[in-house]
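Same order as they appear, the protein sequences are chains A and B.
Oh and the first sequence: position 153 is 153 in my numbering, straight run, nothing missing.
Position in the second sequence counted from 1, then plus 433, gives you my numbering.
Among these hints, one or two may not hold up.
[To be verified] Below are the DSSO-like pairs computed for lysine-lysine, each with C-alpha atoms no more than 27 Å apart in a straight line:
id	chain 1	residue 1	chain 2	residue 2
1	B	Lys553	B	Lys514
2	B	Lys514	B	Lys458
3	B	Lys487	A	Lys238
4	B	Lys490	A	Lys238
5	B	Lys514	A	Lys195
6	B	Lys487	A	Lys195
7	B	Lys487	B	Lys458
8	B	Lys514	B	Lys487
9	B	Lys553	B	Lys490
10	B	Lys490	A	Lys406
11	A	Lys238	A	Lys226
12	A	Lys226	A	Lys52
13	A	Lys52	A	Lys238
14	A	Lys75	A	Lys36
15	B	Lys490	A	Lys195
16	A	Lys195	B	Lys458
17	B	Lys514	A	Lys406
These are calculated hints, taken from the structure and not from any lab test.
Letter by letter, the chains look like this.
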Amino acid sequence: MSSARPDRHYLLRQRDVPDIHQLEVYRAHGGYEALKQALEANQPDQLVELAKASGLRGRGGAGFPTGMKWSFLPKDGRARVLVINADEGEPGTFKDRELIEGNPHQLIEGMIITCFAIRAPESYVYVRGEFLHGYERLTAAIREAEAAGILGAEVMGHPFAHRMFVYRGAGAYICGEETALLESLEGKRGNPRSKPPFPAVAGLYGRPTVVNNVETIMNLPPLVLKGADWYRQWGTEKSPGLKVMSVSGHVNRPGNYEVPLDWTLAELIEAAGGVRTGHQVKAVIPGGSSMPCMPASQLDTPIDYESLVEAGSMLGSGGCIVMDDSTCIVRAVARVVRFYRNESCGKCTPCREGTYWLTDIMDRLERGDGEMRDLDMLLDVSDNINGKAFCPLGDAAVGFLVSAIKHFRGEFQEHITGQRCPLGARQYDTAIH
Amino acid sequence: MIQLSIDGREISVPEGTMVVDAAAKLGIEIPVYCYHQALGPLGACRICLVEIEKMPKLQTACTTAVREGMVVHTGGPAVEKGRQGILEFLLINHPLDCPVCDKGGECFLQDYSFWYGSGKNRFEESKIQRQKDYPVSDYILLDQERCVLCQRCIRFLGEYVGEEQLMLEGRGVHTVVSTVEGQPAHSPYAGNVIDLCPVGALLSEPYHFKARPWNIEREETVCSVCPVGCASLVTGRDGHPVRLEGRPQPDLDDYGFLCDHGRFTYDFVNHPARLEQAFLDGKPASASAAVAAVGERLARVVEKSGGGAVAVLTGAVHTVEEEWALAQFARESIGTSRLAVLKPVAGDLPLPLLGTYADLAAATGVLLLGADPYEAVPVMHLKLRAARRAHPVAVWGLGDRVLTRSTLPGEDFVAEPGQVAARLGVVLGGEALDGRWAELRRGLLETERLVVLWDGADPAAAALLAALAGQRGERPTAVLPTHGPRNWLGAVRAGISAEHAAAARILEDAAEGRLEALILLAADPLRDFPDGDLAARALERVPAVYFAGWFAPEPRHALSAMLPTAAWAEVTGTYANMEGRLQVAHGAAAAPGQARPVRSLVTALARAMGHPLRLPDFDPFQDQDGDRIARPAKQPAESAGAPARPALPPGEWRVLTGDMVAVSHPPSEIAERTREPLPLRLHPHDADELGLGAPGGLIEVAQGERRFVAGARRDARIPAGRVFIPRGLADVPANRLDHGAGVKIALADPVREEVAAP
Ligand SMILES: Cc1cc2nc3c(=O)[nH]c(=O)nc-3n(C[C@H](O)[C@H](O)[C@H](O)COP(=O)(O)O)c2cc1C
Ligand code: SF4
Ligand code: SF4
Ligand code: SF4
Ligand code: FES
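The following block holds chain A by itself, in its conformation from the complex (with noise of 0.2 Å):
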């Protein structure tokens, strides 16, 4: 049985307490309690532990277990780093954004929290370039936090010292991919680094950085106020906690929803409105457009990160993509297969070429131009990526392609015996976009 739904946001919070993102709202409403808290407490260390015990998973798209990430990073005195991930570049995922917008000393506060537990000095926000009022909301919250003495040469009155910038992207979608994302931050072109050196060892300007996503830390102060085990009341034993899932597509009420990791699809899709009437769902992307999809059979798989990888798909960035049954799959895996072909980084040949011949099968078969042939080549071209490419993205462009296939082949048949879309979806406009 799921679990209830939480009676209010402990990350949406501008969802219950409008202005939230002003610093005399925030504390009025218990914000930098938290920190309060941490500081007088003193046990950084403690704090690691916590986050362990919480079994907080990173939200950014590995779901990476966010406590042992910290301890990974080498005792050796260096001064570490913490990077926050705003470049939120998948496709169907827009959380960042409106967390960032809406409630920026939340995540100022989280961030603090986690310098203070990996005792970093400094920390970075790289915003994704499009996100000019979150960039403004954030930078205003960080000069109201310095006005406030939370953050400078003294926090909050402990001598624990703290430095924050942001750093605006320039409109990348690898620069999401932590390793481009430090290159993109030192002023270099955007391109993936080989690991090893991890970020732990070797990350900004060669410092022990830790990177998280934006969700991730924003945890952090609930977490404290409340504890481990109060965080552990929704979710799994393995995906514990509460997420904002982005819904988008053919649902009535598309939008952010937090929720319990241990909901269903068919739960979220409820939550947000049912889908669209007079239709029925055809597909979900769970997790953003880098994710196989499923069909209508599996909505009752619930969202936490192992029942998906399961059922085939994986929970990613939890940008929830609804498709009803007037799309034409075709048409969504050609739109998805070109935007990895734009923001294919160009460093690796296989995601570099491969894209770019995807995009022109998919673009025949959509014309109804295709061959049946096509079909097995589209596979075995995907296979010559899949796995073989230098980063993730890579294998994010296939995934939807591969899963259409397997779920939906007589739709891509029916392209191509019909020589148009059954549905009579018009082909996508390639001049546009």
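Chain B with the ligands: place on chain A using the hints.
Only chain B with the ligands this time, still in chain A's reference frame:
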């Protein structure tokens, strides 16, 4: 050591070795594009996929370090499919240029497609069109369509050389290599990217459309331009050299990088100024007539005044065998012991200290003593940077100008002009040294393995170097001489003295009328001897000067005869580089006109003299010394300072000089493109005061009655009040100026100069 198995064979390699290199040790070739040992892993091209047991996916052999017990398979269905997939991807946007591509037949995209490709083509869509024949420098063309984006070129210039002049532009499938801000890639090491490029994307402009692999001869040689003697391959076509490429020497840990001064001057052998025809008394003569006449005249001198009335100076650019033949000719046929190498510097390296490139690679401290490796011996600069990439190396510059640079940072100690050795003497003396100088002393004495790059300019430094080695005791000290000529150590091996005093004695004897004939083998005393005035007096006084070589020195009317000799790339023979290592070079071109090898010339001369010369067998490789020339054992040395120079009157400038291969390389029509129009250097403040524009302009350098005009560039590495004049510059012969006295400098009036020009 880590033990692992590759294709069923066990091997143990040091920790940190990449799987690709471990496989290479077993003779198993894993294809690579982006990986290069000098650059380290990148993981971009993905061609090196291998299967490693217990790993779910294929792994790239170039980014995966070996681990104990690892089991690697470099073949099998999964690997083959993976590789075929990558090759297919690389070809989808690759043009069908093979028949017109300079690299056709020397291309790894062709080779790997042939070896590992599927042989099928499934791509029906259209290929992306990009820039072709895009000049990235004066010498290099880029064909963006052929590029496989391995980034070797970018990383070589940016990381290995430290001059970021190429970059990736655009994203995804639209990514291309381009220059930074449209500026040419003018690094003197840029030409290496042609060799590094695994495909036909980066091309040598001078070689463009010149030859195909099946109509060339590609022979192992060494660069002839400076004493680094970089290993290379010379390509000959129709009897002419048409290309020089780097040649890696894995057993010497040498990646085969060249500098562009060496790479693009091979055409000197076909330069219009090349001596291809014999001249006698200023008039063209047949080879036999000229040789007969010279032989007879020499015989008459010997008969009348004895062999001692003839002296021989060699410019030491011919092979060791040829220098040896010359020495035999001098001793046996003429009967003279007046035989010496003409060096452009007065210092004599104590040979026991002669170091190796391996010493440099292992050095913990490097002293640049008067030498600026970047300009004088460019690939030494790269070797230094490579050592630095491997482990920390302290670099100190001690000279009369700044010798470190942004790509080779270190501590500079600038001495008064002419006081470099004196300064070193003070440092070694150790008395009353202030902070920085005391640090230098500590560094020099205490660094574990010291290598000195010495320009040989200040003779007093020789004894000090020996003293330094003595003070360092057990800690190894090695010296690498950066001065020319190219094969002076080869001439030493051939039994010819390279001591400055030996050449000076010959010129003094000539100047004082004690010589009746002077034979110059590729030697130009007026240009190269440190005391140009002595050289001038000598040439004026000696009744006959016989020149043999490649480029006759000016003024030619002073030469009684000019006899052409075969040059580098036209003979097979041996050279010795600055570490005294003997290097074999093969010929790939034909000697033009009447030019012939020295051995043949001297036997003909001997015959004409009536003393046929039988040259016994000669092997430059001495068994007991392997492939390096013999070095005498160390002798203890006394340290000595140099006398201080008096202060200059105000308004006078100090003259500095040093080697610049950009100036000293042989005449080349290709290298004309990058000829430095402003070879002199002044401090920017001085330039401002003179009213010299940016980057520079013409100045007049005057001393007494002598006036010279040349272009000068602003350079903050030259201390104020000093003017740097590269050695061997025809416009301003630094060896004709008294460095102890000052010179006057003024802006040259370009209008007047133009009128004055003949
Ligand atoms: C192509 C690609 C794009 C990514 N984009 C984002 C992103 O926009 N935001 C994000 O937080 N993580 C993104 N990630 C994941 C990050 O690499 C990294 O795992 C994450 O920021 C770590 O934070 P977390 O542990 O808190 O999730 C992306 C990864 C890949 C491969
Ligand atoms: S898979 Fe390769 S080309 Fe694609 S984004 Fe990653 S590194 Fe760049
Ligand atoms: S030009 Fe050549 S070396 Fe440079 S990236 Fe392309 S293929 Fe590699
Ligand atoms: S460093 Fe000297 S030997 Fe080497 S390529 Fe350059 S000029 Fe030739
Ligand atoms: S050689 Fe290994 S990825 Fe390029």
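| field | Hint check against the structure, violated hint numbers in rising order | value | none
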